[in-house]
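Chemist: For reference, the chains in residue letters:
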Amino acid sequence: MTTAAQRLTELGITLATPPKPVANYVPWVKSGNLVFVSGQLPLADGKVTVTGHLGAGVSVDQGAAAARQAAINIITQVNDACGGDLERVVRVIRLGGFVAATGDFTQHPQVVNGASDLMVAVFGERGRHARAAVGVPSLPLGACVEVDAVVEVR
Amino acid sequence: MTTAAQRLTELGITLATPPKPVANYVPWVKSGNLVFVSGQLPLADGKVTVTGHLGAGVSVDQGAAAARQAAINIITQVNDACGGDLERVVRVIRLGGFVAATGDFTQHPQVVNGASDLMVAVFGERGRHARAAVGVPSLPLGACVEVDAVVEVR
Amino acid sequence: MTTAAQRLTELGITLATPPKPVANYVPWVKSGNLVFVSGQLPLADGKVTVTGHLGAGVSVDQGAAAARQAAINIITQVNDACGGDLERVVRVIRLGGFVAATGDFTQHPQVVNGASDLMVAVFGERGRHARAAVGVPSLPLGACVEVDAVVEVR
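Protein chains in written order, with our numbering: chain A, 1 to 154; chain B, 1 to 154; chain C, 1 to 154.
So that you can see chain A by itself, here it is in the shape it has in the complex:
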């Protein structure tokens, strides 16, 4: 059976140092078997990969790529919460997807799929989660998407 770490390698994804929050809080908190992960931006090498709004210059493909990057950062935090052993992940419970979007944008699900698809690619059935995807007028650092998560671990 392929582990989550092996799938990350196959996907060419290297987990960097967990991105630090941009404010006075912590990246994740564990309560019982649940890890609550702070909202993650599409940060790579300390920079937001895609800024702007869906429906006004940012394409669905660009948004989905940004959501995938936010999901990589979620996995990075979960890996930290699991002491480096992603096999301790029992189930990705829920993702919250916030998409910077105009008033007439309707394809929020397609954008947040960038995050959802990665979870299933990395964790298989354990990666299938509940989800909410909504629009927002703006996000920290001008990011086009933010994703938070609740993950069950052992």
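Be a bit skeptical, because a hint or two may be false.
FRET-style restraints, in silico, Cβ to Cβ [stated by the list, open to error]:
| hint | chain 1 | residue 1 | chain 2 | residue 2 | range |
| --- | --- | --- | --- | --- | --- |
| 1 | A | G46 | C | G84 | 38 to 46 Å |
| 2 | C | T3 | B | N33 | 29 to 37 Å |
| 3 | B | G57 | A | T2 | 34 to 42 Å |
| 4 | C | E125 | B | D85 | 38 to 46 Å |
Think of the hints as simulated: they come from the structure by calculation, not from any bench.
Note that CB positions come from ideal geometry on N, CA and C, so glycine has one too.
Starting from the known structure of chain A, fit chains B and C onto it as the hints suggest.
Modeler: Only chains B and C this time, still in chain A's reference frame:
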């Protein structure tokens, strides 16, 4: 004592086949005693019942009716998670209400009451929940409201 | 060791009667060891302290002060959930910060810090939490910020 199923019948509400998510995720995930339900749109017969924005053409009554429809879909998913026995619902813990709204709209609570009132009508005291109600610029499929939920079951 | 109640006194904060929700739901629900607190507005003496939008007239300092007031109301509800003994708080698990903001606003974290900083000031290490901070076009009663919470108690 009246069961939740009996109250649904009294209210003339028939639970249809659980609406499928419009993207790559699942409608609910159970972790311990908690069921996390994905954001539900006001879908009926596969169509969004009310599109548009509160404060720009959609009335509070229309919005509340849409929130009630989203809540019917939440109950449908919870029913599925409970194997068809809504008496396994211990408590509706939390609803998240996202209302597509203009910048000067202020009656989000009255809109989300459409969902909250139904929960209490169906589950009685078990239906009384914590809640957040906020505006959003846009939602999937142009819906005027989206509601997600956390429900404790046995 | 200083208790949370002592820190509140040192900060000159008096917990008033818990603000009632402005609609048909309850201020908090406890499930297992988790208390889910409803979205709190920056209400003081029954009035919203700061209305309007960040990026359009409301300054970051004003927004942070409003977030702090919302956090006082969260602590008031948690105190109620703990039967008046804040030492039963094991950990503030998560805050959700919704900031009424324009499309080009980017300093949501600095606004929500008003809530995060208070949690750490009152609860110390127990107050360090996961968090999501996002923009919204509008909030109930025209408030500039709304904050909800998940808190672990014993």
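Chemist: Quick check: does the Cβ-Cβ distance between G46 (chain A) and G84 (chain C) fall within 38 to 46 Å?
Modeler: holds, 45 Å
Chemist: Could you say whether the range 29 to 37 Å given as a hint is met by the Cβ separation of T3 (chain C) and N33 (chain B)?
Modeler: Given a distance of about 31 Å, which is inside 29 to 37 Å, the answer is holds.
Chemist: Does the Cβ pair E125 (chain C), D85 (chain B) satisfy 38 to 46 Å?
Modeler: holds, 42 Å
Chemist: So does G57 (chain B) sit 34 to 42 Å from T2 (chain A), Cβ to Cβ?
Modeler: At 51 Å between Cβs, range violated.
When held up to the earlier numbered hints, the structure conflicts with hint 3 and nothing else.
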